[in-house]
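Turn these sequences into a full structure, and let the hints guide you.
Numbering-wise, numbering that gives the first Met the number 0 puts 258 at position 259 of the sequence shown, and it's gapless, one number per residue.
Calculated directly from the structure, the hints in this document are not laboratory data.
All of these numbers come straight from a predicted model, not from anything done at the bench.
Fair warning: there could be bad hints in the mix.
Pairwise CB distance ranges, derived in the manner of DEER restraints [as the list claims (entries may be wrong)]:
| hint | residue 1 | residue 2 | range |
| --- | --- | --- | --- |
| 1 | S315 | D230 | 13 to 21 Å |
| 2 | K258 | E175 | 34 to 42 Å |
| 3 | R268 | E371 | 38 to 46 Å |
| 4 | N102 | K235 | 36 to 44 Å |
Even glycine gets a Cβ: it sits at the ideal position worked out from N, Cα and C.
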Amino acid sequence: MNKYGNITYTIGIWSGFDQTDRLVAQARSWFRSFSDVLVFTEMTHPWDSDKIKREALPCNVTIIDLGFGYGRSVRRAGYFSGRLEAQFRFLPGMQAAYERFPNASFYVFGDDDTYFFKPSLIKLLNSSNPNISKAYGRSYCSSDITKLMKPSPNYWSCRHFLQGGAGVVFTNNLFERIGPKLINCSEKFNSPYFVASMRFALCAARYIGSDEWEHRIADNMQNVFHSEIPDLEVPKYGLSEPPITFHKMTKATFDETFKARYVKYKIKRKKFLADLGEITYTSQDIYMLNNNYRLSYRPGMSIYVPYTGEMFNRTSKWKPIIENISLVGAEQRYGKFTVRLLFDENISFGKIIPHSNYPRNNIFIYKMQKPEIIPLN
Numbered sequence: 000m001n002k003y004g005n006i007t008y009t010i011g012i013w014s015g016f017d018q019t020d021r022l023v024a025q026a027r028s029w030f031r032s033f034s035d036v037l038v039f040t041e042m043t044h045p046w047d048s049d050k051i052k053r054e055a056l057p058c059n060v061t062i063i064d065l066g067f068g069y070g071r072s073v074r075r076a077g078y079f080s081g082r083l084e085a086q087f088r089f090l091p092g093m094q095a096a097y098e099r100f101p102n103a104s105f106y107v108f109g110d111d112d113t114y115f116f117k118p119s120l121i122k123l124l125n126s127s128n129p130n131i132s133k134a135y136g137r138s139y140c141s142s143d144i145t146k147l148m149k150p151s152p153n154y155w156s157c158r159h160f161l162q163g164g165a166g167v168v169f170t171n172n173l174f175e176r177i178g179p180k181l182i183n184c185s186e187k188f189n190s191p192y193f194v195a196s197m198r199f200a201l202c203a204a205r206y207i208g209s210d211e212w213e214h215r216i217a218d219n220m221q222n223v224f225h226s227e228i229p230d231l232e233v234p235k236y237g238l239s240e241p242p243i244t245f246h247k248m249t250k251a252t253f254d255e256t257f258k259a260r261y262v263k264y265k266i267k268r269k270k271f272l273a274d275l276g277e278i279t280y281t282s283q284d285i286y287m288l289n290n291n292y293r294l295s296y297r298p299g300m301s302i303y304v305p306y307t308g309e310m311f312n313r314t315s316k317w318k319p320i321i322e323n324i325s326l327v328g329a330e331q332r333y334g335k336f337t338v339r340l341l342f343d344e345n346i347s348f349g350k351i352i353p354h355s356n357y358p359r360n361n362i363f364i365y366k367m368q369k370p371e372i373i374p375l376n
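Okay, structure coming up:
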């Protein structure tokens with residue numbers, strides 16, 4: 000179980016028995032920001048499990064075979080879509096997390112193509128109360144689900160659910176009320192075409208009450224829980240807040256986001272990662288000598304020059320700046336531009352502020368909050 004101050008939280012990932020490559024890509028990227036991750040699956044060969052655990056170090060990965068054979072039974076019934084099979088491990092995985100850690104403050108879940116940013120997730124958990132029933136994520140709705148309600152609620156045009164693949168967060172209080180009932184819900188609503196996130200919504204509405212789920216528990220936070228990859232979500236929305244998740248990631252996009260987010264470095268043969276996730280992909284401004292002229296900066300992704308219409312994408316990894324055997328900053332190139340970030344504990348979360356600029360040399364020096372450092376050995 001993960002801890003931050005007085006907060007404890009679990010992170011669980013739903014994955015298929017044939018998705019080892021995707022899990023390995025997850026493990027070597029964002030898993031390493033956390034101390035523990037649970038993987039719910041039907042899993043795998045021992046060597047697959049060992050590879051995932053090895054790539055995730057120093058994170059401890061626990062692979063849980065749900066034991067229900069849901070995915071296999073779906074195949075025997077003639078459904079060969081991995082997406083359909085995945086629906087059957089959603090609620091059992093949730094209940095398994097609750098049974099293992101009934102006293103966790105929060106329960107966090109995602110798919111094997113979900114990408115989590117720890118700094119923003121911790122910010123959300125710090126501002127939330129685990130002793131009230133809340134669920135956070137990206138909300139969608141379906142008019143079809145209301146037809147299955149008894150009695151059918153004729154005064155809503157849709158039933159809200161939080162998309163599991165975009166990442167979901169539940170409080171302990173909510174899971175105390177619904178956690179023990181999740182297996183029953185999964186068995187009752189077991190059509191392979193019934194999306195798992197909707198199953199949870201229906202389960203909550205049945206046992207807690209439709210009005211409470213719709214209007215007081217489910218919290219749509221689509222500005223930080225994203226349902227697509229960064230290349231689609233960032234240009235579309237322009238991130239005003241640091242992201243908590245992205246979805247539909249591939250091995251390539253996991254690797255690219257790692258380069259955008261982490262500073263990898265060594266000091267005296269010891270390896271470290273610095274996590275710049277609180278600013279990665281966010282919308283920032285870089286000011287020229289005249290404050291009327293500015294560049295649009297998305298850390299880890301690009302620099303856009305509005306008065307020429309030119310876009311300069313990231314062309315390097317983060318390069319560490321080390322002084323007196325300590326990491327004091329990092330720099331990254333975007334075509335002809337270089338952005339140098341110096342770490343300062345006094346900077347606000349998710350912000351960069353000017354330190355000094357050399358526009359003629361296309362070098363811009365800014366300050367950001369000192370990041371979390373992750374020892375790798």
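Quick rundown of the hints versus the structure:
no., hint, in the structure
1, S315 with D230: 13 to 21 Å, "holds, 18 Å"
2, K258 with E175: 34 to 42 Å, "holds, 41 Å"
3, R268 with E371: 38 to 46 Å, "violated, 21 Å"
4, N102 with K235: 36 to 44 Å, "holds, 39 Å"
When the structure is compared with the earlier hints, a violation turns up for hint 3 alone.
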